[in-house]
Every structure is written in structure tokens, then in C-alpha cells.
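Chains as they are written, first to last, in our numbering: chain A, 12 to 237; chain B, 19 to 136; chain C, 2 to 315.
Hint data in this document are derived by calculation from the structure and do not stem from the laboratory.
All values reported here derive from a predicted model rather than from experimental measurement.
Some hints here could point you the wrong way.
[To be verified] In the SDA-like style, the derived pairs of lysine to any residue whose C-alpha atoms are separated by at most 20 Å in a straight line are: (1) C:K182 <-> A:E46; (2) A:K203 <-> C:P172; (3) A:K51 <-> B:G62; (4) A:K16 <-> B:Y23; (5) B:K49 <-> A:K18; (6) B:K75 <-> A:E46; (7) B:K49 <-> A:K16; (8) A:K18 <-> B:R81.
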Amino acid sequence: MIMAKPKKAEEIISRVKDFSRVLVAGCKGCVAICEAGGQKEVEVLASAMRIHFSQIGKRIEIDEVSLSRQCDKEYLQELADSIDSYDAVISLACGAGVQFLTEMYGEKPVFPGVDTCFIGVTEEQGVWSERCQACGNCMLGETGGICPITRCSKRMLNGPCGGSENGKCEISLLVGRDVACGWHLIYERLKKLGELERFRRPSEDKDWTASRDGGPRQIIRKDVRP
Amino acid sequence: MRLSYPTNLRIVKVPCTGRVAAIHLLRAIEKGADGVFIAGCMEGDCHYQEGNLRAKKRVTYIRGLLESIGVDRERVAMYNLSAGMGPRFAEIAQEMTDKIRQLGPLVKSTNAGKEVVA
Amino acid sequence: MSATTPSRLEKIIAAGHLAVTSECGPPRNGDPEVVSRKAELLRNHVDAINVTDNQTAVVRQCSLASCIRIKLLGLEPVLQMVTRDRNRIAIQSDLLGATSFGVHNILCLTGDHQRFGDHPTSANVFDMDSTRLIQTVRMMRDEGRLLGGHQMEEGRPQMFIGAAENPFADPFEIRVLRLAKKVAAGAQFIQTQCIYNMEKFKLWMKQVRDEGLHEKVAVLAGITPIKTVGMAKYMKNKVPGIDVPEAVIKRIAGVPKENQAEEGIKLCLEQIEELKEEEGIMGFHIMAIEWEEKVPEIVERAGLFPRPAVNGSE
Ligand code: SF4
Chain A
12 MIMAKPKKAE EIISRVKDFS RVLVAGCKGC VAICEAGGQK EVEVLASAMR
62 IHFSQIGKRI EIDEVSLSRQ CDKEYLQELA DSIDSYDAVI SLACGAGVQF
112 LTEMYGEKPV FPGVDTCFIG VTEEQGVWSE RCQACGNCML GETGGICPIT
162 RCSKRMLNGP CGGSENGKCE ISLLVGRDVA CGWHLIYERL KKLGELERFR
212 RPSEDKDWTA SRDGGPRQII RKDVRP
Chain B
19 MRLSYPTNLR IVKVPCTGRV AAIHLLRAIE KGADGVFIAG CMEGDCHYQE
69 GNLRAKKRVT YIRGLLESIG VDRERVAMYN LSAGMGPRFA EIAQEMTDKI
119 RQLGPLVKST NAGKEVVA
Chain C
2 MSATTPSRLE KIIAAGHLAV TSECGPPRNG DPEVVSRKAE LLRNHVDAIN
52 VTDNQTAVVR QCSLASCIRI KLLGLEPVLQ MVTRDRNRIA IQSDLLGATS
102 FGVHNILCLT GDHQRFGDHP TSANVFDMDS TRLIQTVRMM RDEGRLLGGH
152 QMEEGRPQMF IGAAENPFAD PFEIRVLRLA KKVAAGAQFI QTQCIYNMEK
202 FKLWMKQVRD EGLHEKVAVL AGITPIKTVG MAKYMKNKVP GIDVPEAVIK
252 RIAGVPKENQ AEEGIKLCLE QIEELKEEEG IMGFHIMAIE WEEKVPEIVE
302 RAGLFPRPAV NGSE
């Protein structure tokens, strides 16, 4: 799932302070699950904005809506009738949703209400962590189901590096929390699977064309297209 | 025992303070309250395990949010007391009212002095 | 092992001498004198001089330019190259540039994460890691091919290929496997992380021998003299992957402040003495961090002076 975190209210407020009708649009997909851009968060943000503007004596109307998803035209379509009554939209969807909304309603200024962070998992309530970088060329089958591109800070293919200590990545010292060394995890896992022999073979170079490096990506599937 | 507490107070009863969501605190202010406080059970005494602790976290979150939008964080507060502490409740209510009076009305033109307690 | 490149370092090792290398950190400005001065200090006392590549991710004068400078002084540089800041295009391009100036030694590294350095908000590259870098240099040298497939008619790199290894990183059981991988990739010499925990180092060397790796790769033991007890504590607590046992700290702390530097030198001389006897140790890599002027003294007192002459070295 795509993980995001809410932007600071003051940043959002500063973006829309000169409009008179603003729509706060949430998304009930990923960002709702990571409690950054779902209906609950829309309510809180909209309410806080109303309090702020009324306190400073500004008349700005703020409405709320939450769409099933913002990465699908079908759901964005629901805004077609009402969108013209707003001067600006704050979208609490991930970056993909914000952009799709922008594409659909080209005239409206659209501002992001969250910072889209990564593809990850809910480790426990309130703790989300990254697991995938969408490199477009999955190698989990080679590495015991643990992704070195995502979980090694240097995306090494032949780790661990010399900075791995007690199972922790060298960057732990800097980021102020324990970051597991991805290669330590891979090692432990391969040991369990009895596949340590893999360690002896140097890897091939990674083909990065299917990742960000290859330019904006697209999947076209004839079998699925109408 | 009849205790007097400030009349500007509006009490909203909930089965457990764990039920008070962040949005409830904001709504109260949005609808005109100049301050809100949650009166929860003593820490460790929650009938539903940790409802009051969750309420406390939400209060902390909303205080931060208010501050970031230019509203004094003191307008929202959390207190803990037990059901048998009537006098203490009156005392807290007075304390909170005094604090809010000092801060003044949130929106200068509306009628001052409203307060909500959950 | 017989030498196959024009590298003087390789020839020294092939002739069975204990090799001595040291390192020189370029300055954080464009001053042309600093590298020359540091290199001159080492002229008669080491076989080759490593030039660090933006070490700890702090921007410094470039390693390649400094290597060329050292080469032009008639000395032997070891080009340290990290994959943090270069993709495979830049890596190969720099290797060809180094070749054109007759740089014959390379130390292949992945590099410290940039968050450690003076530009923590910068992007990183990591197109490949150190092991792949080793393979890349070997392919360019032995097959005359670039990664993209281009065949070089002339001007193949002639490089003695090195790698770093940290026997003190975790998991310990994997360190020798990792070394084996680097050797399989083409590493011919290894410069180790600085050694303070002798016991652990010897355990690692034993595993190296058990795997027969000591016959395929020359291990140069990393030696860094401790200047003050503060430095020892800093390395223990703040530098990932360095293992400074409590006993070492106690020993340095046990002498008056003005004698701590000498105690540190004594300690490293004892280590060198002890390691000379260790089977598989082919030399020493003496890294006197911001204390380069001490290296000649250490080399002399360790009985590693004068340096042998080898035939045919440039
Ligand atoms: S310590 Fe582990 S996770 Fe961190 S960079 Fe090194 S190998 Fe990668």
C-alpha cells in the first residue's frame, strides 16, 4: 500500500488563504488506511481550517468530500457537477491521486494535503514502514523474500557492507532510530532456507530501465484493454 | 451534595473518554466554544482499559494542531478525576473557565464565555 | 602469484615482500600543494599511496586528480573509488581516464552513506556495489570490454584490483563469505578496516585460510595509530564497523596525556610485529588519519624500512 503523512496545516492554509471556496477532497484508498488522507483526516483538516479562518476574520468556505479512490476516473467523475463551485481543491490523496484530479479538472488549482512517502506495510498501529521501491523487476525470489533495493540503504546487491553492526544499518546512528540492515535480514533468511550458497555468487548488474531511471513508466496490457 | 460550577459550561456525556475523537474537540470550537476540556477517569482506572489514555493522546495532538493554526493550545485540555470527586470537578471547571476568560473569546465578535466539557 | 600488471604494489607482493601502503586524504578545497606535500612525506617509506574518495561522504578534491598528481611526482597511487557518487557510465569513464595517466591500482568501495557527510540531503547513485565494481574493472582489463559491450582495441586498464574488508562488521560469520565473493569477482588485494581487536582479527584470518583465500588474495592489515584516548573512544562509539576493545582504551587512558600518542604508536608497532607472523598477511596499510607525518617513523620502527626495489616498476 502507498503510505503518506499529513502535511502541516499551516502549509496547506498558506496555499489556499486567498481563495474563497475550497474543497478538501479525501481518498478512501491507501491514504485512509495509513490515517493521512481519509474521511477522518478530511474532517479534522477542514474543521481546523474553518477555525483558523474564522479566528482571523476571513470568510472562506470550506467543503469536504471523500472519494472511494482518486486514482480512478470513475470516482473522480463524482466531482464533475460540484467542482465548478470551488476556486481550489486540497487533495489528501497520494501524489498519483492529486495529479489525476489535476488532469481531470484542468482549470482548478489543486494542492497536495499529504506527503506521499513509500510503498509499505502497517507494522503496528501508527507504525508504517517501507518494503518496495517498485523497481519494475522483482528479485525477491533471489534474496529470500527480502528486498535489498528497498531495505539496504545503499541498495547493494552483494551485501552487507562494512557498516552493518548488530543487525543494524550504519545509518541508524544518523536517523536516530534502529534501521535493520537489509543484508543481515537476507543472510538470516537464506540461512533458514538453507540457501546460503547464493552468497558466494556475485550478482549481475541490475537493469534499472524498469525503475525510475528508465523514465515515467506505463503498463499496457492488450489482454485487459477493451 | 450540590456543587456549583460555572454556568457557561455545557456538558456532553460520553460512556468513556476514549470515544471522544479529535474531530469532536475541533467541532466544539468550530461551533463556538472558546475552550474544551475532557474530564476522564484517573489513569489506570479506565473501565475500557485505556480509553482515557487515548483521549489524552488526541488532546495532545489537537493542542499541537491548534497551535500550528494560530490558536492557543490551552483552549483544549485533559483532566483526570474519579466519579466520586465532585468538588474536584467544580474546581477544574472553575480553573478552566478562568483560563479561557483570560485568553478571551476565540472569535472577537461572537459571544464570549462558552465552554464545553466532555 | 606473479605480477600481471605494471603495478609496483603487485610486484612487491609477488616478490614475497611485505607490502606497505598508506593513505592521503585530499583537502576540502582546490589547493594544489596539500596532496603533493602529504605524498612527499611518504615517498621513501611506502610502496603505494591510497587516495581517499570523498571519504565519509565529505566533499574533497577528487581522488582521480590527486592520483594523477601523485603519479606525476613519480610515486605510486591507489585510486580509491566509491560507487555512491557515480553510475556505471561515470565509473568506466573515470577508469579510462585513470588508465590514460598510468594509474595501476584501484581500491573498489561502495562508500559511506551520504547522510554521514557534509551533504546529507543529496541524492546517491549506487548503480552498482563494490563487488560489481571489482568485476567491472576486471572485465575491462582482462576482456577489454566495457559493460555496454564495446570492445576496446587499445588502452585497456592495467590495474591491480583491490577491495576493502571489515572483519569486525556483522554478521561475523558472513565476512569471509563476502571476501570469497570479492575474490571470485576479481579482487587481488584486500586492505582491512583498522584492527584493534586482535583476537577477532586472527579468528577471521583463520577462516580466510580455511577457505584457502590467503593464496588467492593479498591481505594487507589495516593499522591506524591512536593519537589520544578521545580518538579511541570516538572510534568505538561513533564510527560504525570499528571495534575498539575496552582494554585498548584502558591502555591509552592509563598513560599521561602527553604520552598517549607515543603509547598509540607503540601499540601499533606491537600489532605489526605480531601480524608479521600471521600466515596470509602480505603487508600493512597504515592509515594515520590527519597524522601522516608519523607514517615514516612507524615504518622505520616496525623494521619495514628501507622499501625493497622491484624490477621493472615505473
Ligand atoms: S549496513 Fe546493511 S543495510 Fe546499511 S548500507 Fe550496509 S549493507 Fe546496506
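Status of each hint after checking the structure:
1. The hinted pair formed by C:K182 and A:E46 fails the criterion: a straight-line CA distance of about 44 Å is larger than 20 Å.
2. Of the supplied pair hints, the one linking A:K203 and C:P172 holds, its CA atoms being roughly 15 Å apart against a limit of 20 Å.
3. The suggested pairing of A:K51 with B:G62 is violated, with an alpha-carbon distance near 28 Å, which exceeds 20 Å.
4. At most 20 Å may separate the alpha-carbon atoms for a hinted pair to count; A:K16 and B:Y23 exceed this at roughly 42 Å.
5. Note on B:K49 and A:K18: the hinted pairing is violated, with a Cα-Cα distance of about 25 Å set against a maximum of 20 Å.
6. Of the supplied pair hints, the one linking B:K75 and A:E46 holds, its CA atoms being roughly 15 Å apart against a limit of 20 Å.
7. The suggested pairing of B:K49 with A:K16 is violated, with an alpha-carbon distance near 28 Å, which exceeds 20 Å.
8. At roughly 16 Å between alpha-carbon atoms, A:K18 and B:R81 fall within 20 Å of each other, so this suggested pair holds.
In this structure, the hints that do not hold are numbers 1, 3, 4, 5, 7, in rising order.
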